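Q: So you can see what is in the structure, the chains are spelled out below.
Protein chains: 4
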Amino acid sequence: MKTIKIGIIGAGRIGRVHAENIAKFVPEMEIKTVSDPYMSGETLEFLQRLRIPGLVKDADVILSDPEIKAVVVCSPTDLHAEYAIKAAQAGKDVFVEKPVDYRIERVREVIDEVKKAGVKLQVGFNRRFDHNHRAVYEAVREGKVGRVNLIKISSRDPAPPSIDYVRVSGGIFYDMMVHDFDMARFLAGSEVTEVFAYGGVLVDPAIGEAGDVDTAVVSLKFENGAMGVIDNSRRAVYGYDQRVEVFGSEGAVMDGNDTPSNAVFYGVEGTVSDTCYKIMWDRYTGAFAAEQKAFASAVINGTEPPVTGEDGLYPILIAAAAAKSLREGRPVRIAEIE
Amino acid sequence: MKTIKIGIIGAGRIGRVHAENIAKFVPEMEIKTVSDPYMSGETLEFLQRLRIPGLVKDADVILSDPEIKAVVVCSPTDLHAEYAIKAAQAGKDVFVEKPVDYRIERVREVIDEVKKAGVKLQVGFNRRFDHNHRAVYEAVREGKVGRVNLIKISSRDPAPPSIDYVRVSGGIFYDMMVHDFDMARFLAGSEVTEVFAYGGVLVDPAIGEAGDVDTAVVSLKFENGAMGVIDNSRRAVYGYDQRVEVFGSEGAVMDGNDTPSNAVFYGVEGTVSDTCYKIMWDRYTGAFAAEQKAFASAVINGTEPPVTGEDGLYPILIAAAAAKSLREGRPVRIAEIE
Amino acid sequence: MKTIKIGIIGAGRIGRVHAENIAKFVPEMEIKTVSDPYMSGETLEFLQRLRIPGLVKDADVILSDPEIKAVVVCSPTDLHAEYAIKAAQAGKDVFVEKPVDYRIERVREVIDEVKKAGVKLQVGFNRRFDHNHRAVYEAVREGKVGRVNLIKISSRDPAPPSIDYVRVSGGIFYDMMVHDFDMARFLAGSEVTEVFAYGGVLVDPAIGEAGDVDTAVVSLKFENGAMGVIDNSRRAVYGYDQRVEVFGSEGAVMDGNDTPSNAVFYGVEGTVSDTCYKIMWDRYTGAFAAEQKAFASAVINGTEPPVTGEDGLYPILIAAAAAKSLREGRPVRIAEIE
Amino acid sequence: MKTIKIGIIGAGRIGRVHAENIAKFVPEMEIKTVSDPYMSGETLEFLQRLRIPGLVKDADVILSDPEIKAVVVCSPTDLHAEYAIKAAQAGKDVFVEKPVDYRIERVREVIDEVKKAGVKLQVGFNRRFDHNHRAVYEAVREGKVGRVNLIKISSRDPAPPSIDYVRVSGGIFYDMMVHDFDMARFLAGSEVTEVFAYGGVLVDPAIGEAGDVDTAVVSLKFENGAMGVIDNSRRAVYGYDQRVEVFGSEGAVMDGNDTPSNAVFYGVEGTVSDTCYKIMWDRYTGAFAAEQKAFASAVINGTEPPVTGEDGLYPILIAAAAAKSLREGRPVRIAEIE
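Protein chains in written order, with the working numbering: chain A, 1 to 338; chain B, 1 to 338; chain C, 1 to 338; chain D, 1 to 338.
It is possible that some hints are incorrect.
Which copy is meant is left open, because identical chains are indistinguishable; a pair holds if it fits in one copy or across any two.
Straight-line Cα separation of at most 20 Å, EDC-like style, residue types lysine to aspartate or glutamate; simulated pairs [as the list claims (entries may be wrong)]:
no.	residue 1	residue 2
1	K2	E42
2	K57	E82
3	K32	E338
4	K69	E82
5	K2	E45
6	K144	D274
7	K144	E250
8	K24	D282
9	K293	D164
10	K144	E269
11	K278	E250
12	K293	D282
13	K24	E45
14	K24	E42
15	K2	E30
16	K115	E82
These are calculated hints, taken from the structure and not from any lab test.
Just so you know, these numbers come straight off a predicted model, no measurement behind them.
With the hints as extra help, turn the sequences into a complete structure.
A: Given below as structure tokens:
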């Protein structure tokens, strides 16, 4: 088995998740160095247990290490583009967490620099690698549903983030629904051309005061004539609710939520089964590993990564259009953005 | 058990369905007379087998019969209002098939004449009586989902109607989605205030040539802040697909399709269960009986029918707004209609 | 449509169920007379509402009526055989409720008399006509599971019958599991050759004092080498639990319980759906109608009824073997019975 | 986190599975040495990738290493007892794969030696740690089903083992159903007192020629009065089918099979979902990790392991009784064994 050495920039939650998944499930990638200016003792211990030899503060240690072939960028969002560009310029293949950046021109810059440097770029839309969504995708690609007519996506978080986070998140379309915009493109196999957004503050007034909505329904039109709809809520008391449905000329395919077990209890009061997982990391645990395996494969075999820079850009454009639609109370074409 | 005598105007498909359901399942209503100017031999035989004594051409036989307390109007749509008004003026309680009329002023006339006559009026939105949708409704009314935030309705026909029918149907919003507009109000317990419609011709170009769309996604805003979305398709190859979902602050409740059996086959190629029913009459068979039982109860006990004249009017207003939204490419407030 | 006149002997619970189902769903059979020596006012009113013209005390009115072509025997169990034989001798086709009789020689007599008289005999094993079990059966007959290897049947009542009834019921194997013995033969397409029974008193000690068990597990061997198992309980708090499974060389097919609705609630505490029906009449309502339609078809078209006298006999033989097995603590061959 | 050093004896399939699971998911156990007299190059590479420092031929390297606190015995079955005893005598805690041995006296010896040495012993009944079975178990232990009345277990392999293996396997009761005997005790919370076995050769005549059966139905009686049934087949074409059900005075709880995804396709021909996993390692992957975590916890915290030596012995006694029952055609009490 051919293996490569990699570095991870950022050891926050998502950085640690990638480190753990790569260490356990991606033997073809050897994590040589993880950098983070603020590593807690707990984080250090966690990474040491994964037997990662280099734990440093300065990302330059990674960027300047000729042994390191690829970099996984897990920094705060506003530094994604900077590190991605630096890694590309250093000749390293880049995996960058989503969103690449909230600023469209910054995303374009990353794409341009990557192209110039001739390196690979993969964007962290991990849900594409979820076993359920992937099975839906494959059924669609195999032509089982025929021509795609409708796409429906429900995506609801178990609880809203902190108000501090809401303030800097860019809003629900950039921060939360961006995943669903990606999923919609992924499943439709066609570009979104127009959106119309309804949104409201139904979960927590503080979210409204912070300038965002917490519940939204966005209709989509695709280039191939298909239509779609995405609904988001910042709080589903029953857990992390993630379902997709594709309806076409030859049938429909849909998935549901995973649960901790499939045991069912039949009692006087009803038939009771498990609720879905309460947290993202449990639901998408396999997806994080699978996206890194895919990145490793692209890097090692010199193939195109399955989630490209353009795949990172389009959902941001759609998010911008959705935000504009909500502000202006009218459908907005993606072509209007920029 | 108190019983009343009723008459049925119209012995087309829906008239025969009501006749059969009343004869079998609503012993408190005795069908004295069915009128239809064009009854085939087969229809006559069918109604005789139900032991209905009066089979006549002229609706006036019913309208002028003092023994008949209530009339079920199953005429062609454009005569619904006329017969409903005549029945009301004759002092009879009225059940009228949906839509009351495509013309809003005509619906209002019916409502006014019914009020003037002091009789009962029930409109044939049968899906409210479906066992699955009813269970969703009851969970919502009992407060199980808390405050309603989102409503999702999928409604797909197994095959499009004839192009001749499409031409006179008033279009998908009046003819098909009108049921879902009713369901949306019913489940939300709040009025729709605005809609935005996407539509396209994805099933059959002939439908487009007839001036209609065959696939549509309509977003809804409700007075209480909730949002919703309805999707319709004129053709789902796997059957008559009817599902609703209500999401709120305390949970979600959703239903699925009924199937001929729940047998499941585990084979090499997959786990296979029945597809949903292929035709409306099979899926909603219990609902037709239940709505007539409810009508009988309102008539006999002098209570308010569960689907009023206003319930007949609002979905038409929403349909008009949806049609306008699709034409003008913008959200349309219900208040704009009229 | 060809129709025949029939009579029903016995207007207890099952007699009324058959009367209602035939009146509503079997237009090819016209109920001319129902006899019962003890008809309450309520029963009379119920049967009058079904527009049955002859309501009499004496079964001879039916047996001697040359217009009546077929008789449905719903008398107390110990009179089943007597009426069935009399009806046969009167040249009438016979439908007799299960069990034909607990005494094997009596069942044989019925079979012999029917043969002598050249009339049709159908036994009331209604579950064969249930939509779910029927779908399993058809999958097996179509060869979907290949060679049948295993049969599993769970059959649990929502509550035990009265102790008075238990005392005269013949015991759980004759009264309750007899249905499952029939189902086992029906699904396997092969005769049971041997059984082994475990039984216990786990539901109510009074059942034990009455000389019966309330919980039983019976293993079966079939002539074709397949094996099976049936479990019965007199009390499942969650309802009337009826499931079958057939496993073979090419797959497995199984069914589940029907529920009043398929609505599902997702809440903090779990995902909750309906419990199964609580009473037999709700679960098997369609089955009762279907078995009478099948009887009507056999009578009118002169074909073999789908549940023959032998089908009525074999489950009794198996019940006898199971009871013997439980008493003697050893496997008992069906050939040992008699 | 406290950690211990362990050794693994045997690097066949199950040895490698334990090595991988411990390396990935049980950071509290550090694998110092793996011994196997016949390690292929592939196995060596596999274990090196897990960064296991000591890869040796001779188990004595492990047994004599004072740093090694606990030993995981994955040798061929006939050496389980020998290594378990040697490890105990060397003062090491022992995890031994199931079955401890087919010979009852050998199992007793292991139990005795372990007791004498004062070390811990855990037996590898991994299914107890499966997330679905565990959820059923917990529902039962929490009292949700009330008093346990019935236990049903289906356990079917996707394909029979080689005939060579069948010849030395001890037979279906020792090799395959032993897992289900353990599961039955585990779920019932009561000892099996008697069994009755039916068995046949329905899958492959060669299995019969090798002296074994390939399909079996075994009824069980428990000390607390409950009854149970287990069915086994050596070949289910649709996969590795593993389901349990516990029925009691207050309800029932049952589980089903896991599938690669929960995507469902609705097409003209039916509604199709995934078949269950085809191989044990996929279904029980989490269970293998969980049992080692439990062993680590018992070793480190000095608590009783969750699957004791007695838990290893009883299923063998039940298997012996089942084999005797099949041979002699009569129910066999466990007390008869020995």
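Q: Would you mind marking each hint as holding or not holding in the structure?
A: Quick rundown of the hints versus the structure:
1. K2 x E42: between (32 Å within a copy, 15 Å between copies)
2. K57 x E82: Within. Shortest intra-copy distance 17 Å satisfies the 20 Å Cα cut-off; inter-copy 52 Å does not.
3. K32 x E338: Neither way: K32 and E338 sit 40 Å apart in one copy and 59 Å across, limit 20 Å.
4. K69 x E82: Result: close within a single copy only, 18 Å intra versus 49 Å inter.
5. K2 x E45: between (28 Å within a copy, 13 Å between copies)
6. K144 x D274: between (30 Å within a copy, 14 Å between copies)
7. K144 x E250: within (7 Å within a copy, 24 Å between copies)
8. K24 x D282: both (16 Å within a copy, 17 Å between copies)
9. K293 x D164: Cα proximity of K293 and D164: none, with 34 Å in one copy and 38 Å across.
10. K144 x E269: Between. Shortest inter-copy distance 12 Å satisfies the 20 Å Cα cut-off; intra-copy 39 Å does not.
11. K278 x E250: between (34 Å within a copy, 15 Å between copies)
12. K293 x D282: both (18 Å within a copy, 18 Å between copies)
13. K24 x E45: both (16 Å within a copy, 16 Å between copies)
14. K24 x E42: both (19 Å within a copy, 19 Å between copies)
15. K2 x E30: within (11 Å within a copy, 26 Å between copies)
16. K115 x E82: Answer is within; shortest intra-copy Cα gap is 15 Å, inter-copy 63 Å.
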